[in-house]
Amino acid sequence: MTKKIKVLRIIARLNIGGPAIHTILLTEGLDKHRFETVLVTGTTEKDEGDMFYLAKEKGVRPVIIPELGRTLNIRNDIIAFWKLSSLVKRERPDIIHTHTAKAGALGRLAGLLYKFSSKLKAQSSKVRLVHTFHGHVLHSYFGRIKSALFIWIERFLAIFTDKIIAVSENLRRELIDLKIAGPKKIVTIPLGLELERYLKIENNGFGNRDCKLVGIIGRLVPIKNHRMFLDAAKRLKDSLGFGRLIKFLIVGDGPLRQELESYAEGLGISEDVTFTGWIRDLEKMYSELDIVVLTSLNEGTPLALIEAQAAARPCVATCVGGVTDVIEEGRSGFLVPARDIDKFTEALLKLLSNPDLALSMGRYGRERIKDEFSKTRLFRDIECIYEEIK
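When the letters of the sequence shown are read in order and numbered with this note's numbering, they come out as residues 6 to 395.
It should be emphasised that the hints constitute simulated quantities derived from the structure, not laboratory data.
For glycine and all other residues, C-beta sits at the position ideal for the given N, C-alpha and C.
Be aware that one or more of the hints could be misleading.
Claimed, not checked - Estimated spans, in silico, between C-beta atoms of each pair: (1) I150 to F121: 22 to 32 Å; (2) R97 to E372: 41 to 51 Å; (3) L354 to D386: 34 to 44 Å; (4) E270 to I346: 12 to 22 Å; (5) R66 to R39: 14 to 24 Å; (6) K190 to F121: 18 to 28 Å; (7) K190 to D36: 19 to 29 Å.
Claimed, not checked - Straight-line alpha carbon distances no greater than 25 Å define the calculated DSS-like cross-link-like pairs of lysine-lysine that follow: (8) K131 to K120; (9) K11 to K395; (10) K120 to K107; (11) K61 to K289; (12) K190 to K11; (13) K61 to K380; (14) K355 to K242; (15) K63 to K9; (16) K131 to K395; (17) K94 to K8; (18) K37 to K9; (19) K289 to K380.
Can you build the whole structure from these sequences, using the hints too?
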């Protein structure tokens, strides 16, 4: 009987978003006859929301290292490193696959220590290191000095990493341009999701409702630029012919919620904008939305835009990061420059004024997305990488 490949999958925290879903699905979904996966994670912050419920639904029991959570703290990071090192020594994995920056650094260093200590003890250790970049974190998120430091750290870690995965081709090109590693070491593997529940949603939103509903989904943090969404909402409400015929939904939570609620009130649109917090019944939410938007200043692969297209909803998004790998301009939605409120509002007006265009974009997006971002494709691609490096 062939020995299973043992994978230690490490992510800093299972906060609501693409990386958490990605790691949970991979932990549960790889061929169990060939792979055994242990998921390791830290704790989430109180305003982030967590996806431990999804892990439970999938029968995944993560190993919790509280100090692995997001906040940078020298003492906690040292503790997390030694706990990871002890876990690696105990589990003796064939592959250590890390996700997100902090887990990527600590997890790969723990793998290197394991390799080094095994050599000192004259033991054979062929553990392979894999890291996935889930977003464009090496620019726009931090200041110049901190970004330069992180780039240097990633270049150093890449020397010892057997394979680096980017979740979009756009991100792969950026990593190569930043000289994180050479083109042969960096591969593109797009996200894969459970899209079946969204593919069942009827593509008839514009045909059945007089009042249109425009929604944005994501953490309420500066990089998501929700103020642009609210500014556009104000313009649309003031536009001739709309008035009470349009409402707005902000799905998600985060440190800026109170500030954004006050901003909406200051614009005089608080009665037209609903802040829902995090929602688990996403099928119902997408079935009620007519248009899904994104106003981010930077993005990896935006999960909400993939889900929206699977639900046959047209999208309007800022042309940043991995968005161009998800939205096809003029076919499944409209792309506009970041911070360009005029073009953003204009794109929304086009869809709101032309139901046939909105419906056709929804149909096209669904057909394009259903295979390209399926979980089956993701599992196959990851399994091939693991087999290749072993």
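Checked hints:
At about 30 Å, the beta-carbon gap between I150 and F121 stays in the expected band of 22 to 32 Å. Our hint of 41 to 51 Å for R97 and E372 holds, since their Cβ atoms are close to 45 Å apart. The hinted window of 34 to 44 Å between L354 and D386 holds, with their beta carbons roughly 39 Å apart. Under the hint 12 to 22 Å, the C-beta atoms of E270 and I346, about 19 Å apart, fit the expected range.
Taking the beta carbon of each, R66 and R39 are about 20 Å apart, inside 14 to 24 Å as hinted. Distance hint for K190 and F121: a CB-CB separation of about 21 Å, consistent with the stated range 18 to 28 Å. For K190 and D36, the hinted distance range of 19 to 29 Å is satisfied, since their beta carbons lie about 25 Å from each other. The hinted pair formed by K131 and K120 meets the criterion: a straight-line CA distance of about 8 Å does not exceed 25 Å.
In summary, the hint linking K11 to K395 is supported, as the alpha carbons are separated by about 11 Å, within the 25 Å threshold. With a C-alpha separation of about 20 Å, the suggested pair K120 and K107 falls inside the 25 Å cut-off, and the hint holds. A distance of roughly 22 Å separates the Cα atoms of K61 and K289; the hinted pair therefore holds under the 25 Å criterion. For a cut-off of 25 Å, the pair hint linking K190 to K11 stands: about 22 Å separates their Cα positions.
Taking the CA atoms of K61 and K380, the gap is about 18 Å. The hint holds against a cut of 25 Å. About 15 Å separates the Cα atoms of K355 and K242, which keeps this hinted pair within 25 Å; it holds. For the hint pairing K63 with K9, the CA-to-CA distance comes to about 21 Å; that is within 25 Å, so the pair holds. A distance of roughly 8 Å separates the Cα atoms of K131 and K395; the hinted pair therefore holds under the 25 Å criterion.
For the hint pairing K94 with K8, the CA-to-CA distance comes to about 19 Å; that is within 25 Å, so the pair holds. Taken as a hint, the K37 and K9 pair is honoured in the structure, with Cα atoms around 8 Å apart against an allowance of 25 Å. Between K289 and K380 the alpha-carbon distance is near 21 Å, which keeps this suggested pair within the 25 Å criterion.
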